[in-house]
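J.: Okay, here's what each chain looks like letter by letter:
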Amino acid sequence: MTLPEADPQAARGDPPRPLAIRGLCKSYTRGKPVLTEIDLDIESRGFTVIIGPSGTGKSTLIRCINRLVEPTSGQVLFEGRDVVRMGRTELRHTRRRIGMVFQEYNLVERLSVIENLLCGRLGYVSPWRAWLRRFPQSDVEHAFTLLEAVGLGDLAYQRADSLSGGQRQRVGIARAVMQSPRLLLADEPTSSLDPKTSVEIMELMVNMAGELEIPVIVNIHDVALGRRFADRVIGMSEGRIVYDGPPGDLTDAHLNSIYGGGGWL
Amino acid sequence: MALSSGNGQQQLRKPFPVNWLLRLGWIAVLAYIVYASSRLNVSWDRLVAGLGYGGDFLSRMVPPNFSRWKLLLEGLIESLEIAVIASTLGILLSLPIGFLAARNMMPGWVSWSARALIAICRSFHPVIVAILFVKAVGFGALAGIMALVVASVGFIAKLFAEAVEEISLKQVEAVRATGASFANVIIYGVLPQVLSRFIGFSTYQLDSNLRNSTMVGIVGAGGIGGTLFAAFQRFDYDFVAAILLSIIAVIMLGEYVSGHARRVFE
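Top line first, the protein sequences correspond to chains A and B.
Residue numbers in the first sequence follow numbering that gives the first Met the number 0, run continuously in steps of one, and reach 264 at the last position.
Residue numbers in the second sequence follow numbering that gives the first Met the number 0, run continuously in steps of one, and reach 265 at the last position.
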């Protein structure tokens, strides 16, 4: 795959950081910021887990990275280019390289599993080919291989709405991986799943990211699950980053500062 | 409070509170019907007199006279052609118009102008539209087709817009997040969610165009309606009966076919 834009740093053989967020602010209503001055660097590998109470802007932060939510100000530098100031076409081309996994899977319910996987290639095919379902054969082969890899090889022609939650999320991950992304985002990927399936889904994401050699950013509200898989934990509270470090260093005092004090621990 | 029972004077609690406003509303409707009937000279005597004429009319309708079957068949085929052509064009036009009218997909000024267009298409009964087109393009099937296209757009474009407005945006968001172009988002994120409903609307519209196509002929816009109207005017009530029976047969056949079509697509 060739990158659509040349990057001066890349030309020097010094690849830019996959993601650097600078002074990111977002408010849905004026004067009520959801995110305040977020600075965050993501290195080229590693599983970053964002924890924090509901409504603290975790989901907004994730969505600002691929601009499903428009940031109010600040920079989101994806491989050195500012996503916030991109035009429509460049934004589309950037989104192709950022895979996303959703809380409620967000599969197209009435399409088959294999069609949902091929959705991951929609950034690359013309509307005409998309309409006629004429994806390049290499994409089709990739989709079937990937479906085997996530353990759903025999469900290719099932409609997505006939699957269980865990199966759906596997399809959701496979769809993101189909994009051959350089960064994987996941917004509460396990919130609608039982504990065992949640662990399996997290493992699948770790494995996929390992094979693709890309970083992952996951929002999660289950602190124990997040810690178990994280290489790095970001704690957020009231729209700010209040903890940033390895999961081992996360103490109860930190958790109290993230979620607020109380007898819940 | 109601909880302090033991007191003999306890008030009975009603699960369904009386809505006096609603009752007054119903009384007003009833009163208006009585008043309107008296104004329009609708009375029992008038009904009895009317039934007398009706009996005479019915007796002249039997037996239905199919001797001019060629004329009848010609009219029916023309009606069918009008219905099929008008439905196809109407559906093809409704797709983009309905989509443009969906408020969750389009900016406000686009959806409002599309909605205005749909509202104009809906505001007149097909007969009135047919008269307008007969005046505009002359007698014949063309006027009928145009009238029914307008009627179809007014009906299914609106339903289609509503179907698009009810889709799950989560699925759309996921497709957008892959970097898909706007057209591809529509094809993969939106269409699959509305397709089966849209096919339902379309077959329903074909049904209703079949019905309407037998009627536009009355104002000179082609089809069996013209034949029917002529037969009425010449008091050929046995031929009228033959036409009416044939229309019933065609409509029932149409319903059967469209019902099947729907099942095939589900």
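Worth flagging that the hints you see were computed from the coordinates, not collected in a lab.
Computed from a predicted structure; not experimentally measured.
Hints may contain errors.
What the hints assert, rightly or not - Going by beta-carbon spacing under 8 Å, a handful of chain B positions derived as facing chain A: (1) 131; (2) 135; (3) 170; (4) 173; (5) 179; (6) 182; (7) 186; (8) 188; (9) 191; (10) 192.
For every residue, glycine included, the Cβ atom is placed at its ideal position computed from N, Cα and C.
J.: State for each hint whether it applies.
T.: Hint-by-hint comparison with the structure:
Of the supplied interface hints, the one on residue 131 of chain B is violated, with its beta-carbon coming no nearer than about 37 Å to a beta-carbon of chain A, more than 8 Å. Interface hint status for residue 135 of chain B: violated, as the beta-carbon distance to the closest one in chain A is roughly 36 Å, over 8 Å. Hint status for residue 170 of chain B relative to chain A: holds, with the closest Cβ pair at about 5 Å, below 8 Å. Against a cut-off of 8 Å between C-beta atoms, the interface hint on residue 173 of chain B holds, since the closest Cβ of chain A lies about 4 Å away.
With a least beta-carbon distance of about 3 Å to chain A, the hint placing residue 179 of chain B at the interface is held under the 8 Å criterion. The criterion of a C-beta within 8 Å of any C-beta in chain A is met by residue 182 of chain B, whose closest approach is roughly 4 Å, and the hint holds. Interface hint at residue 186 of chain B: satisfied, since its Cβ lies 5 Å from the closest Cβ of chain A, which is below the 8 Å cut-off. With its C-beta approaching chain A no nearer than about 6 Å, residue 188 of chain B sits inside the 8 Å limit, and its interface hint holds.
Of the supplied interface hints, the one on residue 191 of chain B holds, with its beta-carbon coming within about 4 Å of a beta-carbon of chain A, less than 8 Å. Restraint check, residue 192 of chain B versus chain A: the minimum CB separation of about 6 Å is within 8 Å; hint holds.
Going through the hint list in order, the structure does not satisfy hints 1, 2.
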